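Each chain is listed here by its residues.
8 protein chains.
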Amino acid sequence: MSRDDVAFDHARAARIGLDEAVFCAGKSANQIAAILEGAGDRDDGLLLTRLNPEKLEALPKALHDAIDYCDLSRTGFFGRLRPVSVTGKVAIVAAGTSDAPVSLEAVRTLRHAGVAADPITDVGVAGLWRLLDRIEEIRRHPIIIAVAGMDAALASVLGGLIPGALIAVPTSVGYGAAEDGRTALNAMLASCAPGITVCNIDNGYGAASAALRVLHSMGITRS
Amino acid sequence: MSRDDVAFDHARAARIGLDEAVFCAGKSANQIAAILEGAGDRDDGLLLTRLNPEKLEALPKALHDAIDYCDLSRTGFFGRLRPVSVTGKVAIVAAGTSDAPVSLEAVRTLRHAGVAADPITDVGVAGLWRLLDRIEEIRRHPIIIAVAGMDAALASVLGGLIPGALIAVPTSVGYGAAEDGRTALNAMLASCAPGITVCNIDNGYGAASAALRVLHSMGITRS
Amino acid sequence: MSRDDVAFDHARAARIGLDEAVFCAGKSANQIAAILEGAGDRDDGLLLTRLNPEKLEALPKALHDAIDYCDLSRTGFFGRLRPVSVTGKVAIVAAGTSDAPVSLEAVRTLRHAGVAADPITDVGVAGLWRLLDRIEEIRRHPIIIAVAGMDAALASVLGGLIPGALIAVPTSVGYGAAEDGRTALNAMLASCAPGITVCNIDNGYGAASAALRVLHSMGITRS
Amino acid sequence: MSRDDVAFDHARAARIGLDEAVFCAGKSANQIAAILEGAGDRDDGLLLTRLNPEKLEALPKALHDAIDYCDLSRTGFFGRLRPVSVTGKVAIVAAGTSDAPVSLEAVRTLRHAGVAADPITDVGVAGLWRLLDRIEEIRRHPIIIAVAGMDAALASVLGGLIPGALIAVPTSVGYGAAEDGRTALNAMLASCAPGITVCNIDNGYGAASAALRVLHSMGITRS
Amino acid sequence: MSRDDVAFDHARAARIGLDEAVFCAGKSANQIAAILEGAGDRDDGLLLTRLNPEKLEALPKALHDAIDYCDLSRTGFFGRLRPVSVTGKVAIVAAGTSDAPVSLEAVRTLRHAGVAADPITDVGVAGLWRLLDRIEEIRRHPIIIAVAGMDAALASVLGGLIPGALIAVPTSVGYGAAEDGRTALNAMLASCAPGITVCNIDNGYGAASAALRVLHSMGITRS
Amino acid sequence: MSRDDVAFDHARAARIGLDEAVFCAGKSANQIAAILEGAGDRDDGLLLTRLNPEKLEALPKALHDAIDYCDLSRTGFFGRLRPVSVTGKVAIVAAGTSDAPVSLEAVRTLRHAGVAADPITDVGVAGLWRLLDRIEEIRRHPIIIAVAGMDAALASVLGGLIPGALIAVPTSVGYGAAEDGRTALNAMLASCAPGITVCNIDNGYGAASAALRVLHSMGITRS
Amino acid sequence: MSRDDVAFDHARAARIGLDEAVFCAGKSANQIAAILEGAGDRDDGLLLTRLNPEKLEALPKALHDAIDYCDLSRTGFFGRLRPVSVTGKVAIVAAGTSDAPVSLEAVRTLRHAGVAADPITDVGVAGLWRLLDRIEEIRRHPIIIAVAGMDAALASVLGGLIPGALIAVPTSVGYGAAEDGRTALNAMLASCAPGITVCNIDNGYGAASAALRVLHSMGITRS
Amino acid sequence: MSRDDVAFDHARAARIGLDEAVFCAGKSANQIAAILEGAGDRDDGLLLTRLNPEKLEALPKALHDAIDYCDLSRTGFFGRLRPVSVTGKVAIVAAGTSDAPVSLEAVRTLRHAGVAADPITDVGVAGLWRLLDRIEEIRRHPIIIAVAGMDAALASVLGGLIPGALIAVPTSVGYGAAEDGRTALNAMLASCAPGITVCNIDNGYGAASAALRVLHSMGITRS
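Protein chains in written order, with the working numbering: chain A, 4 to 226; chain B, 4 to 226; chain C, 4 to 226; chain D, 4 to 226; chain E, 4 to 226; chain F, 4 to 226; chain G, 4 to 226; chain H, 4 to 226.
One chain only, chain A, in its complex shape (with noise of 0.2 Å):
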């Protein structure tokens, strides 16, 4: 496969504002490379997404080098990045220990994109104080990701304690009745507090990505 083979929406990022990110879960390391060399010119960066290391060893070395990488969230920074240009904005507010590889997923796509988030970790509703020892701080944030799996009581609890945008994202943690996920996507989009809203499970990019949107609206763009 060459680089012509490849029609990447560049277009895109003018007209709404969000970089395609490249998702390389569904590619080749030919077609990862493929995208990746036909990008080499451009000034902004790149971010790949499910990015796991057999795929990223398999890459040309000179790809492979010029690529900042992650293994807890399989994410990497390809070329130029960005700076910080806007700060406590966005928090991000995650149950457990096992729901890293997606709170940092989104972390990382908003730092690709200029902003800097604050994680809030370890904070599920079944040790309640925990979160209330931290909801004045997350309060000051004007958006909210919440990332929970299993029964994802944290997006429920957090909705009638929160004023702003409210992005849920459910992740695959658990097993038996937790569905892959479904479960925790099925309670956040069946919450009881007003005005949540949800993304794909497993999905810290589209959250992210959600965020931003957020922020086009509060007039915040990219310098």
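Read the hints as simulated data drawn from the structure, not as lab findings.
The model shown is predicted, which means the values in this text are computed figures rather than measured ones.
Quick reminder that beta carbons are idealized off the backbone N, C-alpha and C, glycines included.
Do not rely on the hints blindly, as some may be mistaken.
Computed footprint of chain C on chain D; a stretch qualifies when at least three of its residues, placed anywhere within it, have a C-beta under 8 Å from a C-beta of chain C [what the hints assert, rightly or not]:
#, stretch
1, 117-130
2, 152-158
3, 161-173
4, 190-199
Straight-line Cα separation of at most 25 Å, SDA-like style, residue types lysine to any residue; simulated pairs [as the list claims (entries may be wrong)]:
#, chain 1, residue 1, chain 2, residue 2
5, E, Lys64, C, Glu60
6, C, Lys58, B, Trp132
7, G, Lys58, E, Asp74
8, C, Lys58, E, Lys58
9, E, Lys58, C, Glu60
10, G, Lys58, E, Asp125
11, A, Lys58, H, Asn33
Using the hints provided, position chains B, C, D, E, F, G and H relative to the given structure of chain A.
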């Protein structure tokens, strides 16, 4: 259908200490009448569940008049009602107004067995302080029945706050992703709080029966 | 049921800036009447959702007459209506005529909070030019609510054309493989366009609440 | 297993004008070898689908060398390849890079039957202009195969723009709410555009066979 | 609702050669009346699907009288009916008596477009000879619509016997494991016979539209 | 684990005339070895099902050597094999090559019980004449086991052609809408042909056991 | 609809020894009347299943009066009833009172074929001794039909106690996790007892037909 | 990841009397090591669940050697083990050999809390007498944990025979219609025996925690 066609399991009560109730949903008025007539000679009365008003009206007048009916929970007490012999042991905690039919079915089932339960309602986690205001009162009971639909987050929050037996009942309240109670059911099963046990959707009768089993374990049986 | 049995969460409005609405689907006319009577002394009015005409008729006349009812969206405004204080911020884009009940529920929920939304209807993608003719008008709003059933392709097409917050609401329009709205829900969640967030099926109220949260993030709150 | 154990349906080709292909996924290398040996005496070659590289390697060398293999689509041509006799009739339109294995399986199945298809790739609706730029080229074909995963919105948009036969193939690309292709499948079935027909998930072979059936309807059969 | 509120897509007919039909299931009588009044000035008539008798009766008398209604298929022809211009091209093969509403919807949709289809009924495979007796008659048509519920085995058997375009429509006939037509749908999609394409459950309208697309591919369009 | 930890139900064979087989899929090699050692003293041998080659290799050599293993069906005969005492009573009819593991499991289970079954393979309905050519041979058996995956149309066609006991086994062959065999299972359950009974997916052992039960009903039991 | 539109499969009875019954659920009263009129000249009568009282009342009086109707099972005998020729061969064992409609459909289907079945009711395993008290009586029959809903544990317990043909019918009794009979269906299919075969949910007719097939295998056919 | 990144909820043990266990399935070896190091200074030890051997081997040697590991249940005791203080209160009843990993997880969780449970295995209802032989022994325990997969009939039979608290755990044993344990889960929830409560699939830890809660209700807490 004559009363001879119905093999009611009276021996089960002696064996396991739980009366068989008459689940009316799948039975015709004729079948229910046959069962009630057969039960007329017994000392203790009979509990009827899922008895809708139409079926109640279709019963012969003598049977109809012998039933103490509650239309919100669709339960009926037929015949002699056992006096209350147990108090202060079971709290029934419900998330919202719409959960009342289920929590009331549990209250009535326990009452039929001589147990007075303490109902605590409208303490859903979207308004967290309503729950926290009453948590000490809840904790004083060795057995808690938690009734909630939609995201069922109430069960998880309770699970982190009380040490006693926690019996969760999902309700079919809600729409769409609430999936007729399956989301609440799965969220309770996959709860991040340990040791929650779960009954079938809308099964207030089952939760009360489970509470009676725990009372048996505690050495508390009806006189 | 007396009004004392209902613990309405008035404090939540102060805490998160969203009024609790009365979800009528799971409540009896008696329960609704108790809530409305309890709310009579408050300054601001009350929003009722999923109120079918039969239940409306069953309310006491004084309550009935105090409700401004819309039968297409099955919503009611009870008591004093807040004046419009926000305009031009929220567009509600709907795919077809059958989606009107849901988009109208969103319009009315926003109106109750003092926000006048701009509805744009019948722009499903099967007739793509209808949508493209109005895309600039849509783009002028910082917040878009997209309402669509069946394949829900409208959300994905919008996602590639607008930069602002995009809140998608699947509807239960359709039959067979539409799966009562689950296909639209899943298609919105799995959209190829980034940053779309999703509400429960037919949840126009929830989408409007999410839009209010983004308005809070933008620093726009009711006077 | 000897070749006598396999009852290959050669008569079907004569009856319906479609060769039976060898679906290798559920067969051992031994079973595949037995089929190929039995087919050695026939005039026309044989198409193999879902043949993974490991199984290919496990075949006897003579058989292995007689196979023209494509690893992206996992298809093989065994024996004599029919010359191309039909051009310009079938376009294969794919949403993204990850859909290539499925669209290529369709291309190869048609090629095996003597039909040269025109592939048009990376025209997913999230970047709508990429599709609109090529819509006239697509419209010139009487038969369109649309390949898309996740939300499958491409099929609906195409359905509103082209008059000819439209055969949609959902792919299993995506995760979570994509449900291994079921969301794309259902979205195509419930499309708001009329007259779209659908094949099984990832079934490029089936879509090509359906295209061949339409060619039969058009009076175009292989020489 | 006035007629101005409805943006009917008349341009689509010109673009893709398929009239938009009025899907009445999700619309009120008022909405349908608005559409019909708006269509009154057009040259060609309008097809109504899923129009139940109650809604038909609720239409204004002038509109009601202008509709040629079929209660078995719940379809109506409004206004001028195009003359038949195509015959002998489409056979509609149905498994059982209970499938008649769906096959008749297909017959009527084709008739509205000027195509006379040939219905062949009660040829389910449990009585295989009924089908084999008529197979030559079926094979003479270049386009076959196969209508079947429950196990949908008819589609697979036909798939092995006819060379032309085969459009399968699952029906919701049956109970239990028939899963409201999903079993028939899945069985058709997973058929062992190649090149079968499938429409949504009970979608006779869609199958007819797909047949019209194949007629377009064949160069047969309405005069 | 010692052999004392395993309570094998030898009495069941005497009670119902069916040996308990060792289902190896959920057991470790140690557990299987403990069972086999415990069975060493019995007169008759033991049937092992779902025994994969890795587990077979992990058994102690003496046990390994005492097993007559078939890798296609993953079954083993341990110890003395009962002689054949019943012939011509059971036909096992399979749709395709990929169904062989399941039909062979049934053949081997019957053989272990002393019954020689007649396999008839590759008679799927997509090539209907292959089946019709052998239908008289099939009809001569009082008991038919039908093995098929995907659409499972074979069972329905057989159901209309044979009068005897018809035991259908769905297989997990196929992909996508085949749903790991659930589509075949449901299609068999919802068959339009009367009196078909169904076993679990891929359960050749269960089908053979059911055939043995019918042989018991016929008065044919092992000597 | 005239009687000429209905192609009833009378030949099937001759071929497989099972009469085609009229499944009334998906048919209009007109369609049923046409079938009955067409059947009037035949020697043997006709079985009607799923005939609800409203449809029965809507039949012409002459047809109505010729039907021996049972409202609990919703079955009817039309015309001449074959005398009983087989006794003591089939037991129908049902778990509870609510299963009566299904077990009675089986009883009536067998009766229509000249077989008198022995019903044994209210022997669900929650009161195990009721079942054990009658197990010897059950074991005397070579064919057992087990009817149960909810957990369907009756089938598994019977499977370990009887040697003959065991045909299990799940019923849709129950709610919530009973999933309209799918739980009973799956539990019967996945039973720990060997050789149980299963029919569709609530399919008493199918179970009786399967029993007739086993009687055919036993050489017992109607005179 | 340093130990400071992990907010372990030590306070929960004091609040509800249940130690938080380390669920290892979703955590990396590094994350587990950080938790264990943080726990080193505590008085009581720590329970690890779902710890597979590969992850155990990847831990630092000092941590590895401090773990008392059981490979069948994949549980580990880290650090000081509390002495046994409760005996004769909890029986763990398992249907088959394949259920051992789950029942053993329950045994080990209870042991970690100082409770010695009595395991009773291989008493599945397909061999009913095995269960009845031990029923008096089972009944002597006030708390029963029932572990079963597939049809889970064991729970229903026990429910009719014992009066005490009955905690049912479905297991993922089986295939096809066993649906990875969902069938057992649903059968337990829909049981015909009253008062059974249910845990998540394969959740031996949760069942043990529920038993500890009942012990709390009984006034039995760890010294």
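Outcome of the hint check:
no., hint, verdict
1, 117-130, "holds (count 4)"
2, 152-158, "holds (count 5)"
3, 161-173, "holds (count 3)"
4, 190-199, "holds (count 8)"
5, E:Lys64 - C:Glu60, "29 Å, violated"
6, C:Lys58 - B:Trp132, "31 Å, violated"
7, G:Lys58 - E:Asp74, "17 Å, holds"
8, C:Lys58 - E:Lys58, "23 Å, holds"
9, E:Lys58 - C:Glu60, "23 Å, holds"
10, G:Lys58 - E:Asp125, "22 Å, holds"
11, A:Lys58 - H:Asn33, "22 Å, holds"
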